[in-house]
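Trainee: Taken in order, these protein sequences are the chains called A and B.
First residue of the first sequence: 12, per the working numbering; consecutive thereafter.
First residue of the second sequence: 12, per the working numbering; consecutive thereafter.
Just so you know, not all the hints are guaranteed correct.
Simulated pairs of lysine to aspartate or glutamate, EDC-like, Cα-Cα distance not exceeding 20 Å [claimed, not checked]:
1. B/K84 x A/E426
2. B/K199 x A/E214
3. B/K23 x A/E329
4. B/K430 x B/D201
5. A/K119 x B/E99
6. A/K299 x A/D320
7. A/K84 x A/D48
8. A/K76 x A/D320
9. A/K430 x B/E189
10. B/K434 x A/D90
11. B/K434 x A/D320
12. A/K417 x B/E241
13. A/K417 x B/E358
14. B/K45 x B/E82
15. A/K354 x B/E246
16. B/K427 x A/D87
17. B/K354 x B/D242
18. A/K315 x B/D201
19. B/K23 x A/D437
20. B/K359 x B/E241
21. A/K439 x A/D100
22. A/K417 x B/E246
23. B/K79 x B/E52
24. A/K104 x B/E52
25. A/K434 x B/D97
26. B/K434 x A/D379
27. B/K359 x A/D32
28. B/K354 x A/D32
29. A/K430 x B/E86
30. B/K119 x A/E329
31. A/K417 x B/E99
32. A/K284 x A/D332
33. A/K434 x B/D90
34. B/K20 x B/E246
35. B/K434 x A/D405
36. A/K23 x A/E177
37. B/K417 x A/D379
Stretches of chain A that chain B covers, calculated by requiring three or more beta carbons in the stretch to come under 8 Å of a beta carbon on chain B [stated by the list, open to error]:
38. 143-149
39. 219-225
40. 376-387
Read the hints as simulated data drawn from the structure, not as lab findings.
Where is the CB? At the ideal position from N, CA and C, for every residue including glycine.
Residue strings, one per chain:
Number of protein chains: 2
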Amino acid sequence: MSVELMAQKAKKAAIVLSGLDAGKKNRALDLIAKKLDENKEEIFKANIQDIERSTGENLAEPLIKRLKFDEKKLEDLLDGIKSLIDMEDPIGKTLLSTELDNELELYKVSCPIGIIGIIFESRPDALVQISALCLKSGNAVLLKGGREASLTNKILYETILAATREAGIPDNWINLLESRDEVSELLKLDQYVDLIIPRGSNEFVRYIMDNSRIPVMGHADGICHCYIDEDADIERAVSIVVDSKTQYVSVCNALETLLIHEKVADTILPLLKEKFDERNVELRGCDKTRGIISCSAATEEDWKTEYLDYILSVKVVESIDQAIEHINTYGSGHTDAIVSENKANIEKFMNYVDSGNVFANCSTRFSDGFRYGFGAEVGISTNKLHARGPVGLDGLVTYKYKVVGKGHIVADYAEKRRKFTHKPIDEKFSV
Amino acid sequence: MSVELMAQKAKKAAIVLSGLDAGKKNRALDLIAKKLDENKEEIFKANIQDIERSTGENLAEPLIKRLKFDEKKLEDLLDGIKSLIDMEDPIGKTLLSTELDNELELYKVSCPIGIIGIIFESRPDALVQISALCLKSGNAVLLKGGREASLTNKILYETILAATREAGIPDNWINLLESRDEVSELLKLDQYVDLIIPRGSNEFVRYIMDNSRIPVMGHADGICHCYIDEDADIERAVSIVVDSKTQYVSVCNALETLLIHEKVADTILPLLKEKFDERNVELRGCDKTRGIISCSAATEEDWKTEYLDYILSVKVVESIDQAIEHINTYGSGHTDAIVSENKANIEKFMNYVDSGNVFANCSTRFSDGFRYGFGAEVGISTNKLHARGPVGLDGLVTYKYKVVGKGHIVADYAEKRRKFTHKPIDEKFSV
Numbered sequence: 012m013s014v015e016l017m018a019q020k021a022k023k024a025a026i027v028l029s030g031l032d033a034g035k036k037n038r039a040l041d042l043i044a045k046k047l048d049e050n051k052e053e054i055f056k057a058n059i060q061d062i063e064r065s066t067g068e069n070l071a072e073p074l075i076k077r078l079k080f081d082e083k084k085l086e087d088l089l090d091g092i093k094s095l096i097d098m099e100d101p102i103g104k105t106l107l108s109t110e111l112d113n114e115l116e117l118y119k120v121s122c123p124i125g126i127i128g129i130i131f132e133s134r135p136d137a138l139v140q141i142s143a144l145c146l147k148s149g150n151a152v153l154l155k156g157g158r159e160a161s162l163t164n165k166i167l168y169e170t171i172l173a174a175t176r177e178a179g180i181p182d183n184w185i186n187l188l189e190s191r192d193e194v195s196e197l198l199k200l201d202q203y204v205d206l207i208i209p210r211g212s213n214e215f216v217r218y219i220m221d222n223s224r225i226p227v228m229g230h231a232d233g234i235c236h237c238y239i240d241e242d243a244d245i246e247r248a249v250s251i252v253v254d255s256k257t258q259y260v261s262v263c264n265a266l267e268t269l270l271i272h273e274k275v276a277d278t279i280l281p282l283l284k285e286k287f288d289e290r291n292v293e294l295r296g297c298d299k300t301r302g303i304i305s306c307s308a309a310t311e312e313d314w315k316t317e318y319l320d321y322i323l324s325v326k327v328v329e330s331i332d333q334a335i336e337h338i339n340t341y342g343s344g345h346t347d348a349i350v351s352e353n354k355a356n357i358e359k360f361m362n363y364v365d366s367g368n369v370f371a372n373c374s375t376r377f378s379d380g381f382r383y384g385f386g387a388e389v390g391i392s393t394n395k396l397h398a399r400g401p402v403g404l405d406g407l408v409t410y411k412y413k414v415v416g417k418g419h420i421v422a423d424y425a426e427k428r429r430k431f432t433h434k435p436i437d438e439k440f441s442v
Numbered sequence: 012m013s014v015e016l017m018a019q020k021a022k023k024a025a026i027v028l029s030g031l032d033a034g035k036k037n038r039a040l041d042l043i044a045k046k047l048d049e050n051k052e053e054i055f056k057a058n059i060q061d062i063e064r065s066t067g068e069n070l071a072e073p074l075i076k077r078l079k080f081d082e083k084k085l086e087d088l089l090d091g092i093k094s095l096i097d098m099e100d101p102i103g104k105t106l107l108s109t110e111l112d113n114e115l116e117l118y119k120v121s122c123p124i125g126i127i128g129i130i131f132e133s134r135p136d137a138l139v140q141i142s143a144l145c146l147k148s149g150n151a152v153l154l155k156g157g158r159e160a161s162l163t164n165k166i167l168y169e170t171i172l173a174a175t176r177e178a179g180i181p182d183n184w185i186n187l188l189e190s191r192d193e194v195s196e197l198l199k200l201d202q203y204v205d206l207i208i209p210r211g212s213n214e215f216v217r218y219i220m221d222n223s224r225i226p227v228m229g230h231a232d233g234i235c236h237c238y239i240d241e242d243a244d245i246e247r248a249v250s251i252v253v254d255s256k257t258q259y260v261s262v263c264n265a266l267e268t269l270l271i272h273e274k275v276a277d278t279i280l281p282l283l284k285e286k287f288d289e290r291n292v293e294l295r296g297c298d299k300t301r302g303i304i305s306c307s308a309a310t311e312e313d314w315k316t317e318y319l320d321y322i323l324s325v326k327v328v329e330s331i332d333q334a335i336e337h338i339n340t341y342g343s344g345h346t347d348a349i350v351s352e353n354k355a356n357i358e359k360f361m362n363y364v365d366s367g368n369v370f371a372n373c374s375t376r377f378s379d380g381f382r383y384g385f386g387a388e389v390g391i392s393t394n395k396l397h398a399r400g401p402v403g404l405d406g407l408v409t410y411k412y413k414v415v416g417k418g419h420i421v422a423d424y425a426e427k428r429r430k431f432t433h434k435p436i437d438e439k440f441s442v
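Same shape as in the complex, but just chain A (with noise of 0.2 Å):
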């Protein structure tokens, strides 16, 4: 089946979706969890085969390590759908009802986007967080994962299809892409597909942005930042940095810059500078951060470098303004946070600080949709529109305006003999 026939098939499908009532689709979700469970051997047995292929081509030990989905992968995915379930249906919600006239209601009610596209790296729980995501809210989806899992993906898909198909939702809702060919065409359906979510590397996030009209809804660098204020407590702001730096290296929320203040420099960078050697963590420092503690130079580059690694870029500033403007220069708008004890500083920096995620006396690893108790994400978004942040439930769903009247026409209005009220009326949507 060509990828545009798929799409069509999925527009008829999410049509249908769109009008299912929680109990539905609840059931399903518990059909998919049990499924998952009944099939286990089966899918662990996929999963190895897998490793093993990918471990024969040389793929990179990091990887291999996210491919693999054993037992207790399979637990936290039926943990995060047992969550789902309990979470209210975000479909039908009326977010707003006015009354124009006598008789002449206007809501906004949410309901689902349409048809999304995801392409997916190694972590086949992806495939199964995803989808559910997708089914609660209402989404058809177009499933596209990386090559090295394709035999998981195969029965994770095919078991989840198996378990909506049980609950009477159309087959057509869920399709798997199996070859990059067919992601190409993917993008090209802008007539059919609302959304495209590609979680991968920065480059690929951009090719998808310059070769599609769907909106995409990615991040494209996790540039963090955390900045040591002059009225920081000083134990507090070592431990947030070093677990900001060092509790998970290779993700998007861990910190890249170091800002700190020039009053609180000369006691707080020794500090660090020692918890970080004992971490092997590469410091590279602006001048006067080099007349303090020994590190190697940063360049303009090391400012707009992610490196998901053990290396950190050190900056000493004069003040919170110039903290704030260096991130609001050189940062990606994911998440950066302040350490003081400063109230008027916080705000400030909270205020001011142009990112979809502002923390104050945390950790930047804090940014997650697990964490925010969303349940689960699709993703982090560093895009300002629709989503920003982690993205849960609420990012895939958007909304309709519905005006129901008794044959209320426009010429009445226009003719001064009718006025609106515009009275706000506390009523869910109803005909």
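Model the placement of chain B on the given structure of chain A, informed by the hints.
Mentor: Then chain B, alone, in the frame of chain A:
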């Protein structure tokens, strides 16, 4: 000044703007209204020059009409600004608050988008409306108006600038581009500009979408449908269809295709034919339609056409499902209406028609920001993401996540020393 330099300066102004309190923004809006009134003679004079020049250049009559800026237009604008002042500040609203753990709190807080590029055609009053909406929502703007309105736009821009300067707002928050070359430059500035709102022809909107990485909010087409159900009130149906088609034909929310259930076509079509003959509306019908009334034949192309003229395509359908499918196939996701007394059918139509505005028993012409009670609109969006339908203040706002802790680090949760509580709290953001 190059557009890039303008955008760089606008970015700095946008950061200041994002932190302005409601009082300061409202004072600025009040000053804008005052100065527009003070300078009105000069503005009218500039407008007359624009009209005379454009008439000499044989600009089409409807465009000359739109170009006109007189006492009546000014009054409407001043009313609009007053209602905007009375509206709640859309910025700094707490949209969600969750306790993640003891003394670790997550807030989702509304904030401005940043820098918005707006390209509009002849109507100079749009410049004032859009600037006022952007100011109230804390966004900086780059404005490009039509060449035909250049003198009017210039003096309106200068008047607004003088007012906001007096209110203490940095000059660079508002910028007027004067040439087409500057638009090409603007489209490349995805580093600074967060959103482009084009108001113009379909081709123009598509051109912009294809030539910029910047997200575009606009509408490509307004192919609006009205479906007359088998359970329709006949008198209502006729009145709604006539209003939807003829109350103002050249606008995006005017009716372009009528769908009518075969069970009522025999009764209603002759009544409509009489009304439309009186109003010189050309009907283009499917075969079944032409079996009932005399009219020209509709082609496949007609179902895809936004006439913006005294032409209506008509199709007889066998069922509400066929009507919904027709709309979801040929529609543009703008505004579609059902006329029916059957609640189940109304609900079905409103759920399954995949458009930004779905109406029951009222004219498609109600699809408008003013009529919806939004005070003003920057346009009507047929995008499905971010903002859909008429876009007022809400569509010019995004959000950021703010997390406030007391030294919290992720290692404590990863190593199971602490657990998330994820408890909703009923609190506004504070540090």
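Trainee: Determine for every hint whether it applies to the structure shown.
Mentor: Evaluation of the provided hints:
For the given pair, B/K84 sits about 17 Å from A/E426 by alpha-carbon distance, which is consistent with the 20 Å threshold. Simply put, B/K199 and A/E214 have alpha-carbon atoms about 19 Å apart, close enough for the 20 Å limit, and the pair holds. The straight-line distance between the Cα atoms of B/K23 and A/E329 is roughly 19 Å, inside the 20 Å bound, and the hint therefore holds. Restraint check for B/K430 and B/D201: the C-alpha separation of about 41 Å exceeds 20 Å, so the hint is violated.
Between A/K119 and B/E99, the direct Cα distance comes to roughly 18 Å. Compliance with the 20 Å bound is thereby established for this hinted pair. For the given pair, A/K299 sits about 23 Å from A/D320 by alpha-carbon distance, which is inconsistent with the 20 Å threshold. Restraint check for A/K84 and A/D48: satisfied, since their Cα atoms lie roughly 12 Å apart, inside the 20 Å limit. As the CA atoms of A/K76 and A/D320 are separated by approximately 17 Å, the hinted pair is consistent with the 20 Å bound.
With a CA separation close to 39 Å, the supplied pair A/K430 and B/E189 exceeds the 20 Å bound. For the suggested pair B/K434 and A/D90, the alpha carbons sit about 18 Å apart, so the restraint of at most 20 Å is met. With a CA separation close to 34 Å, the supplied pair B/K434 and A/D320 exceeds the 20 Å bound. Distance restraint check for A/K417 and B/E241: the Cα-Cα separation of roughly 17 Å lies within the 20 Å cut-off, and the hinted pair is therefore satisfied.
For the proposed pair A/K417 and B/E358, the alpha carbon gap of about 15 Å is at most 20 Å, so the pair holds. The straight-line distance between the Cα atoms of B/K45 and B/E82 is roughly 14 Å, inside the 20 Å bound, and the hint therefore holds. Taking the CA atoms of A/K354 and B/E246, the gap is about 65 Å. The hint is violated against a cut of 20 Å. Proximity of B/K427 to A/D87 is assessed by CA-CA distance (about 15 Å); at most 20 Å being required, the pair is judged to hold.
Simply put, B/K354 and B/D242 have alpha-carbon atoms about 10 Å apart, close enough for the 20 Å limit, and the pair holds. Only pairs whose Cα atoms come within 20 Å are accepted, and A/K315 paired with B/D201 is accepted, the gap being roughly 17 Å. Taking the CA atoms of B/K23 and A/D437, the gap is about 40 Å. The hint is violated against a cut of 20 Å. For the given pair, B/K359 sits about 14 Å from B/E241 by alpha-carbon distance, which is consistent with the 20 Å threshold.
Between A/K439 and A/D100, the direct Cα distance comes to roughly 15 Å. Compliance with the 20 Å bound is thereby established for this hinted pair. At roughly 11 Å between alpha-carbon atoms, A/K417 and B/E246 fall within 20 Å of each other, so this suggested pair holds. With a C-alpha separation of about 14 Å, the suggested pairing of B/K79 with B/E52 holds against the 20 Å cut-off. Annotation: proposed proximity of A/K104 to B/E52 is violated, straight-line Cα distance about 49 Å (limit 20 Å).
About 15 Å separates the Cα atoms of A/K434 and B/D97, which keeps this hinted pair within 20 Å; it holds. For the suggested pair B/K434 and A/D379, the alpha carbons sit about 16 Å apart, so the restraint of at most 20 Å is met. Taking the CA atoms of B/K359 and A/D32, the gap is about 13 Å. The hint holds against a cut of 20 Å. For the proposed pair B/K354 and A/D32, the alpha carbon gap of about 18 Å is at most 20 Å, so the pair holds.
A hinted pair counts as satisfied when its Cα atoms are at most 20 Å apart, and A/K430 with B/E86 qualifies at roughly 18 Å. At most 20 Å may separate the alpha-carbon atoms for a hinted pair to count; B/K119 and A/E329 exceed this at roughly 30 Å. Using a Cα cut-off of 20 Å, the hinted pair A/K417 and B/E99 is violated, with the two alpha carbons roughly 31 Å apart. Straight-line distance between C-alpha atoms of A/K284 and A/D332 comes to about 25 Å, which puts the hinted pair past the 20 Å bound.
For the proposed pair A/K434 and B/D90, the alpha carbon gap of about 18 Å is at most 20 Å, so the pair holds. A threshold of 20 Å between alpha carbons decides the hint, and for B/K20 with B/E246 the separation of about 58 Å lies outside it, so the pair is violated. Only pairs whose Cα atoms come within 20 Å are accepted, and B/K434 paired with A/D405 is accepted, the gap being roughly 18 Å. Note on A/K23 and A/E177: the hinted pairing holds, with a Cα-Cα distance of about 19 Å set against a maximum of 20 Å.
The hinted pair formed by B/K417 and A/D379 meets the criterion: a straight-line CA distance of about 18 Å does not exceed 20 Å. Under the rule that three or more residues need a Cβ within less than 8 Å of chain B, the assignment of the stretch 143-149 of chain A is violated, with 0 such residues. Under the rule that three or more residues need a Cβ within less than 8 Å of chain B, the assignment of the stretch 219-225 of chain A holds, with 3 such residues. Note: the stretch 376-387 of chain A has 6 residues with beta-carbon separation from chain B under 8 Å; the three-residue rule is met and the coverage holds.
Comparing the model with each earlier hint shows violations of hints 4, 6, 9, 11, 15, 19, 24, 30, 31, 32, 34, 38; every other hint is respected.
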